[in-house]
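Enquirer: Each chain, letter by letter, is given below.
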Amino acid sequence: MIPFGIVATLSLLYFGMLFAVAYYADQRSQLGRSLIDNPNVYSFSLAVYCTSWTFYGSVGRAATSGIDFIAIYLGPTLMAFTWWFLLRRMVRVSKEQNIASIADLISSRYGKSAVLGAIVTLFAVLGILPYIALQLKAVSHTFNLLTIPPTELAHGARHHIPALPLTVDTALIVALLLGLFGVLFGARHLDATERHEGLVAAVALESLLKVVAFLMVGIFITYGLFDGFTDICNQFLARFPERRHLLRLDTEHIPYPEWFSLTFMAMMAVMFLPRQFHIMVVENCREEHIHKAMWRFPAYLFLINLFVIPIALGGILLNNGDTSGADFFVLQVPLDTGHPWLALVVFIGGFSASAGMVMVESVALSTMILNHLLMPIILKVYSGAGNLSGLLINLKRISIFAVILLGYLYYRLLGESAALVNIGLISFLAATQFAPAIIGGLYWRRATRRGATVGLTLGFMVWFYTLLIPAFVDSGWLSRTILDDGLFGLAILRPTALLGLVDFGLWSHALFWTLFVNVGSFLAISLLTTPVPAEEEQIEKFVDVFKDRMAAPQLRRISKAPTIIEFVELMAKFIGEKRAHLAISEYLGNREIDAKGSLSEQELPQLKRFTELTLAGSVGTAPARIILENYLAARGSHMEDVFDVLGSVNISRTASREQLSVLYEAARAASSGASLQTVLDEILKIFTDQFRFDLCVIRILDHERQALTVRSQRGISLSPAFGADRELTMDTFIGEAFLTNHMIVVNDSDTISKQKTSEITRLEGIVSFAHAPITVEGQPIGVISASSRTAKGVFTDEFVELFGSLAGQVGVAWRNAQQTERLIVAREQQRELEIAKTIQLGLLPLTVPDIPGIQLGGICVPAKDVGGDYYDFLLQSDGGLGLVIADVSGHNVGAALLMAETRTLIRARYGQLGTPRDTLAELNRFFYEDLSRAELFVTMFLLEFHPESGRAFYASAGHSPALLWSKSVGECLRLDAEGLILGVRREFPYEQESVDLGPGDVLLLYTDGVIEAANSASELFGEERLADLLKDSHQLAPRELIDRILQQVRLFSGSHSFNDDISLVVMMVDETKKSP
Amino acid sequence: MNMPAKNPLHLREAWVIFFVLGLVMLNFPFLHIFNKDVQVFGTPLIILYLMVGWPVSILVVYLFSRLLANASPEADDDNSPPPPQDQP
Chain H
28 MIPFGIVATL
38 SLLYFGMLFA
48 VAYYADQRSQ
58 LGRSLIDNPN
68 VYSFSLAVYC
78 TSWTFYGSVG
88 RAATSGIDFI
98 AIYLGPTLMA
108 FTWWFLLRRM
118 VRVSKEQNIA
128 SIADLISSRY
138 GKSAVLGAIV
148 TLFAVLGILP
158 YIALQLKAVS
168 HTFNLLTIPP
178 TELAHGARHH
188 IPALPLTVDT
198 ALIVALLLGL
208 FGVLFGARHL
218 DATERHEGLV
228 AAVALESLLK
238 VVAFLMVGIF
248 ITYGLFDGFT
258 DICNQFLARF
268 PERRHLLRLD
278 TEHIPYPEWF
288 SLTFMAMMAV
298 MFLPRQFHIM
308 VVENCREEHI
318 HKAMWRFPAY
328 LFLINLFVIP
338 IALGGILLNN
348 GDTSGADFFV
358 LQVPLDTGHP
368 WLALVVFIGG
378 FSASAGMVMV
388 ESVALSTMIL
398 NHLLMPIILK
408 VYSGAGNLSG
418 LLINLKRISI
428 FAVILLGYLY
438 YRLLGESAAL
448 VNIGLISFLA
458 ATQFAPAIIG
468 GLYWRRATRR
478 GATVGLTLGF
488 MVWFYTLLIP
498 AFVDSGWLSR
508 TILDDGLFGL
518 AILRPTALLG
528 LVDFGLWSHA
538 LFWTLFVNVG
548 SFLAISLLTT
558 PVPAEEEQIE
568 KFVDVFKDRM
578 AAPQLRRISK
588 APTIIEFVEL
598 MAKFIGEKRA
608 HLAISEYLGN
618 REIDAKGSLS
628 EQELPQLKRF
638 TELTLAGSVG
648 TAPARIILEN
658 YLAARGSHME
668 DVFDVLGSVN
678 ISRTASREQL
688 SVLYEAARAA
698 SSGASLQTVL
708 DEILKIFTDQ
718 FRFDLCVIRI
728 LDHERQALTV
738 RSQRGISLSP
748 AFGADRELTM
758 DTFIGEAFLT
768 NHMIVVNDSD
778 TISKQKTSEI
788 TRLEGIVSFA
798 HAPITVEGQP
808 IGVISASSRT
818 AKGVFTDEFV
828 ELFGSLAGQV
838 GVAWRNAQQT
848 ERLIVAREQQ
858 RELEIAKTIQ
868 LGLLPLTVPD
878 IPGIQLGGIC
888 VPAKDVGGDY
898 YDFLLQSDGG
908 LGLVIADVSG
918 HNVGAALLMA
928 ETRTLIRARY
938 GQLGTPRDTL
948 AELNRFFYED
958 LSRAELFVTM
968 FLLEFHPESG
978 RAFYASAGHS
988 PALLWSKSVG
998 ECLRLDAEGL
1008 ILGVRREFPY
1018 EQESVDLGPG
1028 DVLLLYTDGV
1038 IEAANSASEL
1048 FGEERLADLL
1058 KDSHQLAPRE
1068 LIDRILQQVR
1078 LFSGSHSFND
1088 DISLVVMMVD
1098 ETKKSP
Chain D
-13 MNMPAKNPLH
-3 LREAWVIFFV
7 LGLVMLNFPF
17 LHIFNKDVQV
27 FGTPLIILYL
37 MVGWPVSILV
47 VYLFSRLLAN
57 ASPEADDDNS
67 PPPPQDQP
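Chains as they are written, first to last, in the working numbering: chain H, 28 to 1103; chain D, -13 to 74.
Simulated from the structure, these hints should not be mistaken for laboratory data.
Any given hint might turn out to be false.
Covered stretches of chain D, as calculated for chain H (at least 3 residues, CB under 8 angstroms) [to be verified]:
id: 1; stretch: 6 to 14
id: 2; stretch: 19 to 25
id: 3; stretch: 29 to 38
id: 4; stretch: 47 to 55
Some but not every residue of chain H turned toward chain D, in silico, with C-beta under 7 angstroms [unchecked claim]:
id: 5; residue: I97
id: 6; residue: L101
id: 7; residue: T104
id: 8; residue: L105
id: 9; residue: A107
id: 10; residue: T257
id: 11; residue: C260
id: 12; residue: L274
id: 13; residue: L276
id: 14; residue: F287
id: 15; residue: H318
id: 16; residue: P325
id: 17; residue: A326
id: 18; residue: F329
Some chain D residues judged to face chain H by a derived CB distance under 8 angstroms, without partners named [stated by the list, open to error]:
id: 19; residue: W1
id: 20; residue: P41
id: 21; residue: S43
id: 22; residue: I44
This structure is a prediction, so every number in the text was calculated from the model and none was measured.
Glycine included, every Cβ here is placed at the ideal spot set by N, Cα and C.
Input sequences plus hints: build the corresponding full structure.
Expert: Below you can see the structure in the form of structure tokens.
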């Protein structure tokens, strides 16, 4: 016994604290720093699952029927395994659809059906009433236990306030109080998002308190009053051996099927009880919180059940086997053993458990009642004028009280007779009925509205018949005859033995039959019916919620569309002006608004959808749909299908695929390698085949005429003007598109201002058209145009994007064609060079002639593929040796052929032409005609050596001088002779010089590639370096000398390859050769 | 505890397997094995079994949630990055 004043004051203080926390959380959320955006808070708030049924009822159950209470908490633990799939899916779908309750979820999945929403709401309210009754019973009973002496218990609240009328008991006062809390925490204002941060914070705190209180009393009884669990167990078994069944399964009370049924019902209840759904899904801040809640919530359940058995057994021991008050052992034991303060803590814990449940449940149910029962009626009578937001919030508040008072009614009529657990399980089975429609709806495409409606309805009817009728009978409300003889006296209709299924526990029996008819009819009717169009759209959003859905192109437009302001006014009527303005500014924040301050035609349907979603957050999805439909119908505007540019029947879901396929086909055509004309025709064909345009044209800039000329056209033009060239001026849209390098879209040709264009569109009957510049590396090269004769407003944003991409593909095709052309030219050149190379290589001597007394060497290193250099050794009949080195300008076939000609000439006639001077003169004459015509020239150095005399005669035609290392002098000498390059003048007197060569002398002939090799500093290798090199290396054999020179030149230029051809010829007079 | 393979697809399957395993182990006939009138450590066997099996299953969920947190966002085929949440 604790003084009434203390208990009442403490309770009120406690609730003051809760409210302070809730208020603080609300403030924080308004500042954007959510208090509940935290996995711990989320996990604790989920523990609203543990009500006073857990807090008091589990012990009662354990003391009277056994350990099956554990199943109620094992079920959710098992269910946590599925959260990763099921709960995440529910959360994702609900967030996307702005879903506010479980009725909303079901209604929304099946095409935003108002009827289905109403059915679910009715059943949810009916199913949850017993549960609320249970809480009222627990709170009022514990309050009375705590404050009223046992002898006075019957008087209830009138013990304290004798003036109270007979009809008012503690439970009613508690009900009104809890209703007030429900309103304060859950319905202070009509939220746009239907989230209640304050409520969640308060619930989380309550959950913390109840587990702490329960653990305290558990530890107190187990270790304070007894000597641990083993001690309690042993004492119990010693004193009440006949009750050892309480510690077993498979007993009369708990057969195995019952265990399974309880586990299964708990699994469903933790997901689909309206309050669980509300806390888990609607109030979820982030999907990631589910990760941690998956194990924290089951751990919480484990903790709160840890001491249930010790308390139950201890209670039985302390009460000498009397279990009539077992439901309240938790409170009774500390009270009886003289620990009133602990009892007070327990009371607060129990109060927390009840209050949390009632608050969340009443808020969740009132939302459903408002959205799915009241809104349809309001919308029927609503004239369209006046602000509804005030009415709606008041209706919601009334609904909260109504729900709780209905629970009170149930308690008064039926609750007194039944144990806490039994009342709760009735609600569990009611929640289980939602499972098929929800799980089926989330994963099964074929689930239809009719299947869900029939399944739910039949399931609830059987639930009512198999569970509520027996409860009515128990309370004396109905006569027992229906239980014993069945409805209409038919034995097979007995509520607890339907169709003769006898001796199957109450719960297993009800679970089996309800699910049998529910799932059975849901599956069967779903298979027999097809979804209505409104459902089709929702199926995607539910079943494929985790698939990446492309934004479906908006292909509907609103005729006589409302303005933004009108949409805002509409929202304000339901959610209040402030929130409506907030919502719209958020929506418009990242959108472009045109000059007239309105959204584009394509944006308006999206704004409509946004308005609907926003309203859905407050009034539910089905009413939101009805509101919008009514509103638009009232103004005479309606959604109409936009002309079906994207071809097939079911646009909204296949369009993006078709768009992609067009781009893909176009890209394939562009890279096919076919001729440009074929590619352009092919791209236009793909485009017009897929989209229904009447005229499509590709124009490419003709540089010579400075006009855009038609390169490809599809569709038949009626006037010649259409297909004519377009000048590069701003007078036409095509010219403008090209010059400004921007796409031009005209969705209604009546509005255009360019006279020339309007003439053409009038002649052709074109009503809408678009021109996209075709660009290559950002520069326009042409324009692609698409025109329609039948529909205005064809060019939606999505389509315009596609059209731009298509123009890009044409650009790619054009560029590819250009590159192909260039490649062909390059290939031809390449082939020519190869021919030249073959010729040239064939010209050079394969071997060095073997002449006694002298050693020879020669090399030609071409700069690129082909060189213009030539050298040769010519043996004469008189024993003389001719050395030729020549350089032809150019590196092509022409040069190579000239070289061949030179060689032929020299080889054929060398002996007959006489001295080098005469030979050059003759060659010069011969070449004059050919060379001047071919714009080529040849330099040549010719030397004739007579080994027997050691004398050499030489002449040069503009060639670099030869170098001679003279052993007798010990220096390098330049061998130069005056002479003009060949083929410049018809007649030229070439000079001829002579020099005597002695043993050890080394002669070096070279082309200018050697001395003109440059290093990175643009310094030339130069004659001097070459001479020094020759001087240093004169003792080397000709082959080695040549290698050394090449090596040095490479080292000097720092590169392996040369810019110009390099040819070297070396002749060395043997040391042993005797001078004549 | 032998952790399932790190392959995300295995993770998904292992998840379902453990769920089914939990269902089986906490039901008839598994419970029947422990439903005997004997006491172990002074505790009835069935209660000991439930009170140990329960935390073990929580531990399994815990380990899974750890794995999930470490796994790539593509942990299973219906896992795409969550859409931006509207924070009021």
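Enquirer: Each hint should be assessed against the structure and marked as holding or not.
Expert: Status of the hints after comparison with the structure:
1. Note: the stretch 6 to 14 of chain D has 5 residues with beta-carbon separation from chain H under 8 angstroms; the three-residue rule is met and the coverage holds.
2. Remark: the stretch 19 to 25 of chain D is confirmed as covered by chain H, as 3 of its residues place a Cβ nearer than 8 angstroms to a Cβ of that chain, reaching the required three.
3. Residues of the stretch 29 to 38 of chain D with a Cβ under 8 angstroms from some Cβ of chain H number 6, which satisfies the need for three, so the listed coverage holds.
4. Residues of the stretch 47 to 55 of chain D with a Cβ under 8 angstroms from some Cβ of chain H number 6, which satisfies the need for three, so the listed coverage holds.
5. A distance limit of 7 angstroms between C-beta atoms decides the matter here; for H:I97 the minimum to chain D is near 6 angstroms, and the interface restraint holds.
6. Annotation: interface hint on H:L101 holds; nearest CB of chain D at approximately 6 angstroms, less than 7 angstroms.
7. Residue-level restraint check for H:T104 holds (minimum Cβ-Cβ distance to chain D is 6 angstroms; threshold 7 angstroms).
8. Below 7 angstroms, beta-carbon pairs count as interface contacts, and H:L105 has one with chain D at about 5 angstroms; its hint therefore holds.
9. Proximity of H:A107 to chain D holds as hinted, the smallest CB-CB distance being about 5 angstroms (cut-off 7 angstroms).
10. Below 7 angstroms, beta-carbon pairs count as interface contacts, and H:T257 has one with chain D at about 3 angstroms; its hint therefore holds.
11. With a least beta-carbon distance of about 6 angstroms to chain D, the hint placing H:C260 at the interface is held under the 7 angstroms criterion.
12. The restraint placing H:L274 at the interface with chain D holds, with a minimum CB-CB distance near 4 angstroms, inside the 7 angstroms limit.
13. This hint holds: H:L276 has a C-beta 5 angstroms from the nearest C-beta of chain D, less than the 7 angstroms allowed.
14. Using the Cβ-Cβ criterion of 7 angstroms, the hint placing H:F287 at the interface with chain D is satisfied: the shortest such distance is roughly 5 angstroms.
15. Against a cut-off of 7 angstroms between C-beta atoms, the interface hint on H:H318 holds, since the closest Cβ of chain D lies about 5 angstroms away.
16. Evaluation of the H:P325 hint against chain D yields a held restraint, the C-beta minimum of about 5 angstroms falling below 7 angstroms.
17. Checking H:A326 against chain D: minimum C-beta separation of about 5 angstroms stays under 7 angstroms; hint holds.
18. Annotation: interface hint on H:F329 holds; nearest CB of chain D at approximately 6 angstroms, less than 7 angstroms.
19. Because the beta carbon of D:W1 sits about 6 angstroms from the nearest beta carbon in chain H, less than 8 angstroms, this interface hint is met.
20. Interface hint at D:P41: satisfied, since its Cβ lies 6 angstroms from the closest Cβ of chain H, which is below the 8 angstroms cut-off.
21. For the restraint placing D:S43 at the interface with chain H, the shortest Cβ-Cβ distance is roughly 6 angstroms, inside the 8 angstroms limit, so the hint holds.
22. The beta carbon of D:I44 comes within 5 angstroms of a beta carbon in chain H, closer than 8 angstroms, and the hint placing it at the interface holds.
The structure is consistent with each of the numbered hints, conforming to all of them.
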